[in-house]
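Q: So the chains spell out like this:
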Amino acid sequence: MKMSPEVQAEAALRPILEIEDLRIAFSGRGGESEAVKGVSLSVAPGEVLGLVGESGSGKTVTMLAAAGLLERNGRIAGGKVRIAGQDVTRASRGMLRPIRGAVISMIFQNPRAALNPIRAVGDQIADAIRAHERVSKAQARERAIALLADVKFPRPEAQARAYPHELSGGMCQRAMIAVALACNPKLLIADEPTTGLDPTTQKSVMDLLAGLIAERGMAMVLITHDLAMAAEYCGRVAVMEQGLLVETGLPRRIFLAPRHPYTQRLVAASPTRGARIEDLVPPGALPALPAAPAPTIGRPHLLEVVGLQKDFGNGAKAVDGVSFTLNAGQSLGLVGESGSGKSTTSRLVCRLLDADAGAIVFDGQDLAATAEKDFHRSPRRSDIQLVFQDPTDSLNPRFTARECIADPLRRLGGLRGRALEAKVRETADLVSFPQALLDRLPHQLSGGQKARVGIGRAVCLEPKLMVLDEPTAALDVSVQAVVLHLLERLRRELGMAYLFVSHDLNVVRMMCADTLVMKSGRIVEAAPTEKLFTAPDHPYTRSLLAAVPSLDALKDD
Amino acid sequence: MSVSSDPRAPSRLGAAFWVLRQNPVTLIALIGAALLACVAIFAPWIAPFDPLQSGTGPALSPPSATNWAGTDQIGRDVFSRLIWASRLDLTIAVAAVAVSGLVGSVIGAFSGYAGGRLDRVVGRIVDVMMAFPLFVLAMALVAALGNSAVNIVIATAVINLPFYIRVVRAEVNARRGAGWVEAARLAGASHPQAVLRFLLPNVLPILAVQLSLNLGWAIINAAGLSFIGLGVQPPTPEWGIMVAEGATYITSGKWWLVAFPGLALTISVLCFNLAGDGLRDLLDPRTRP
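Going down the list, the sequences are from chains E and V. In case it helps, our numbering puts the first sequence at residues 1 to 557. In case it helps, our numbering puts the second sequence at residues 1001 to 1289.
Derived by calculation from the structure, the hints in this document are not laboratory data. Warning: the hint list may mix true and false statements.
A short, non-exhaustive set of chain E residues, derived as facing chain V with CB atoms under 7 Å [unchecked claim]: (1) Leu352; (2) Asp354; (3) Arg380; (4) Arg381; (5) Gln385; (6) Leu386; (7) Phe388; (8) Ser394; (9) Leu395; (10) Asn396; (11) Arg398; (12) Pro408; (13) Leu412; (14) Lys423; (15) Glu426.
A virtual CB, placed ideally from N, CA and C, is assigned to each residue, including glycine.
Chain E on its own, in the form it takes in the complex (with noise of 0.2 Å):
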C-alpha cells in the first residue's frame, strides 16, 4: 500500500497511533472476561510513551491489540485503534500486513525466544526487510549488516552469520532490535525489553534503543514495570491498573507528585535512596514491624564461610575462593551478576552443592565435611533452608500449597496428622497466606501467594539462616513489596540471619546491614551497605550502581 505525499504529510502531524476506548475481551472456561475495559492513548510522531502497571494491568493486550497481534481467543469488544490515521480496529491479516513492520513494530520480553533459533541474525533481519520492500537479496544483506553496526555489534559482517545460541541475552535483545528497526518503522512497542538481563547490560540496551530512536526520528512505547526506567526513558507516562488507563502525564509530576491511588501506591512501593520497608506499604495497610534485635557482635559467628571453590569444569572456577561471615539474626546482602557465582555460592551454603574446596562453618560446625547427597538427614538440614527466586517454578505443580509446606514439616518435623494440620495452618497464617487457599495447586495462585507459599515452606521449621535468593526477582512491585515487608517481619520475630542474594540494589540496600559484592566468582568488594553505596571502592560496584535506574534521578534534578 502506497501513500500519496499529501496523505504522508497529513499524517506527519497527527499521531502515529490513536486508541480510543478501546476493550478486549478474552474467552474462557469462566466464560468471556474483559482485560482491557475503555482504555484511549495516543502517540505523536517521535514520542516516547511509557505504559507502567503490574501484570495483569493490561498493558501488553492494549499493545499487542494495536499491533493486531490478540491471540485467537482474545478480540476487541469495542473502541477503536488507528495507525497513522488509517483505523485498522478490524483490519484483516492480509491488510495488517503492510502496516506491521514497516509502521509498527515490536520487540518482547524474551528475545530468544523471538529469534528464530535455526536462522543466522543476519538473515533474519534480511528476511524482514524483503517481506516489505522488493530488494535484492545483496542489498537486504548490506543493509542488515548495517544495521547490526547500528545495534553496535563489535564485528557487524561476520556476527551477522551467528546464530541466536551464540549470542548473550544482551547481543540477543539488541538483533530483535535490529529486526524491528529494518523496515524503518514509525513506531517501536519495546514489551518489558531488558527484564531478565543484568542491571549493565540493561543500561546498555535502553541507552541504545533510546539513541536509536531519537535519531531516527521513531515514536515508541515502553511497556515495562519498572517505573524508574520509565522515569528515565519516556517523554511521558501512562499508568495501567486492572485494565484502565488511571493516570498519564509527565515522569516527574507522576512519580514526584501521584494524583490517582494506584500510582501512589505504585511509587511509594518502589525502593529508593533513604526508604525504609515500612514505606513500601501504606500506613497500616499491614502489622508493624516488631523492633529490630539487639546485633550480636563479639559472639561467635553463626556462619563462617572460608575459601569455598566449585569447579564445574567449563572453563572459569563458578566460585573461587569465597570467604565471609554472617551473625545470628543480621542480614547479609549478594549481589552480582548473572553469572558472578553467587546462585552457586547460595547452594553451596544450603548444602544443595559439595563444594569443591573450603569449609562452611555452622554453628560451629563444619557442614561441608558431611557429602551433600547425605545432608538431608544431618540435623543441620532444618537449620538452614532456601526461599527461591521464581516462585512458580519452586512449587511442585502436583501438590497443593497445603501440601507444599506440610513437605517439610513432615519430612523434617517428623509432624502427622493433627500436629501437622496445625503447624500447616499456623505456617499459613504467620507469611499471611489465606488458609481458604490451602488446597489450591499452584497453577490456581498468584505470583504473590505462590512466594508466600514457598516462604512459609521455608520458614516453617523455623531454620536459624535463611538463603534468599532473589526471592522478588520474580514479582511485580506492590507484592515485592508486601513480601519485603514479609521478610523482614519473619526476621526480627523469628531472629533468622538471611543471606539476601540480589542483583536488586535498592532491594539490598533496605534488606541488608553488609553486602558483598561478586563478580566472576570472587568477592571484590565487602562493606557496610551504606558506605557501598554512597562511597564503592571497587569500579565494579560503581558501574553496578550507576547502572541501576532510580527515581532518585528525578529528585535530584
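Assemble chain V onto chain E, guided by the hints.
A: For chain V alone, kept in the frame of chain E given last:
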C-alpha cells in the same frame, strides 16, 4: 494479590468433564477402551458359544443370525472366539505395558536425574536395543524362552523398555534442575526420594501417552507373534492366530475369518492410541481450571 471470591478449589472431576467436552474424540476413544475392557472381563457371559466348541453351525458359513461373525473351518463360532480372544490379548498387552512401564520409567528416571556415567551407559544400552529390529528381538526372546503367554509378556515388555527409558529420561532430565526438586531436597528428601516421589509423578502425564500408545503396539505385537506361530498356540482363541488360520481361506472368499479379528485389532489399537493423547490433558494438573 487477588483472592477469588470462590475459595473452593475446583474439583478434579469437573476439570475432567471440561477437558472431555473440548475433545470428543478422546471421549469416544476412552469409551471404546472401556468397552473393550468390559468385553474382556465379561467374556464368559457375552460369548454365545464356547470358543472351542465345534459344530455351532455349518463349517465356514458366513455371518448369520446364530453365528454373528460366521463359523470357521471346524464350525466354531467366530464371534465367541473374538470375545474370548480379547481377554487374552488385552491381558498380555496390559501386563507387558505395566512391566515395561514400571521398570523402564524407574531406570529412565534415575538415569536422567543422575546424568554422567550412569546416563551414558544406560543410553548406549538403549541404543543397542533399538538398533535391533524390535519384532525380530521379540521373536528371538520367545523362541529362546519357550512358547507361552508369560513369555510373550516378557518379550513385549523388553522390546518396549527403550521407549520408556528414553521418554522418562528426557523428561526427568529437563526437570531435575527445577526449584521444586531442590525444595524437596531442602525439605529433607534424599536423591532417590526426590526422583520417585517428586519427579516421577510429574512426568506421569507424558508417560500416560506412552503407556496408552504402547498398549496398542503390545496388542499388535502379541497378535503378530501368534500369527507367525510363536507364543500362544491353537486352538486357543487369539486374534493373531485367528487371522493366521483365516488367511488360508481368504482366496476362496471366506472373508469373515480374517476381517473380524482384523477389525478387532484395528479398533482396539485405535482406541488406545487416541485415548493416550486425551489422557495427557486429563492428568496434567495445569489443565484444571
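Q: Take the hints in turn and mark each one as holding or not.
A: For each hint, the structure was consulted:
no., hint, verdict
1, Leu352, "holds (6 Å)"
2, Asp354, "violated (13 Å)"
3, Arg380, "violated (11 Å)"
4, Arg381, "holds (5 Å)"
5, Gln385, "holds (6 Å)"
6, Leu386, "holds (6 Å)"
7, Phe388, "holds (4 Å)"
8, Ser394, "holds (3 Å)"
9, Leu395, "holds (6 Å)"
10, Asn396, "holds (4 Å)"
11, Arg398, "holds (5 Å)"
12, Pro408, "holds (4 Å)"
13, Leu412, "holds (4 Å)"
14, Lys423, "violated (14 Å)"
15, Glu426, "violated (17 Å)"
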